[in-house]
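> Sequence:
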Amino acid sequence: MSDNHQGSCLCGAVRFRTSGTLRGVVYCHCSQCRKQSGHFYAATNVADPDIVIDGTESITWYEASSFAKRGFCKTCGSLLFWKPRDDAYISVLAGSFDTPTALKGECHIFVGDKGDYYSIDDGLPQFEKSTPSIPVAE
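Numbered per the working numbering, the sequence shown spans residues 1 to 138.
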């Protein structure tokens, strides 16, 4: 998809605008995503040059691993971003976009780590860890 989108955290201290192609939504069930969000992540990606973030002083970055960091609003706690250290893209949590988004689910990753209190039955592809096209920490 190649439209302009915008979004924000809950309190509005962090706002962003994207242009260019957004990846389909990937649902990540890894233990880090579950522990940070209380459920699982639903995120798309955008190339670094295709996002403008206002209110960066309100973002706290947590170095979750040597591979990536997680960005959230230090005022309201909204989970917003997942940024790999060595790649030129940023994952944006799908729920932080203003609607309508036209985003569609693509797949589920780390289903081997998913919580035991829910089922995945939407018919999307499921991967025990990740796919070759989605680099993740090992």
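These are calculated hints, taken from the structure and not from any lab test. There could be a bad hint or two in this list.
List of simulated lysine to aspartate or glutamate pairs, EDC-like, C-alpha gap at most 16 Å [to be verified]:
#1 Lys35 to Asp86
#2 Lys35 to Asp87
#3 Lys83 to Asp116
#4 Lys104 to Asp3
#5 Lys35 to Asp3
#6 Lys69 to Asp86
Now the in silico label distances, taken between C-beta atoms and shown as ranges [what the hints assert, rightly or not]:
#7 His39 to Gly12: 17 to 27 Å
#8 Val52 to Tyr118: 16 to 26 Å
#9 Asp116 to Gly12: 29 to 39 Å
#10 Asp48 to Asp116: 15 to 25 Å
#11 Glu57 to Pro132: 13 to 23 Å
#12 Asp48 to Thr99: 16 to 26 Å
#13 Lys129 to Gln36: 10 to 20 Å
#14 Lys35 to Lys83: 24 to 34 Å
#15 Lys129 to Thr75: 27 to 37 Å
#16 Gln6 to Lys83: 14 to 24 Å
#17 Glu57 to Lys129: 29 to 39 Å
#18 Asp116 to Asn4: 37 to 47 Å
#19 Pro132 to Ala47: 26 to 36 Å
Glycine included, every Cβ here is placed at the ideal spot set by N, Cα and C.
> Where does the structure disagree with the numbered hints, that is, which hint numbers, in rising order?
1, 2, 3, 5, 8, 10, 11, 14, 19
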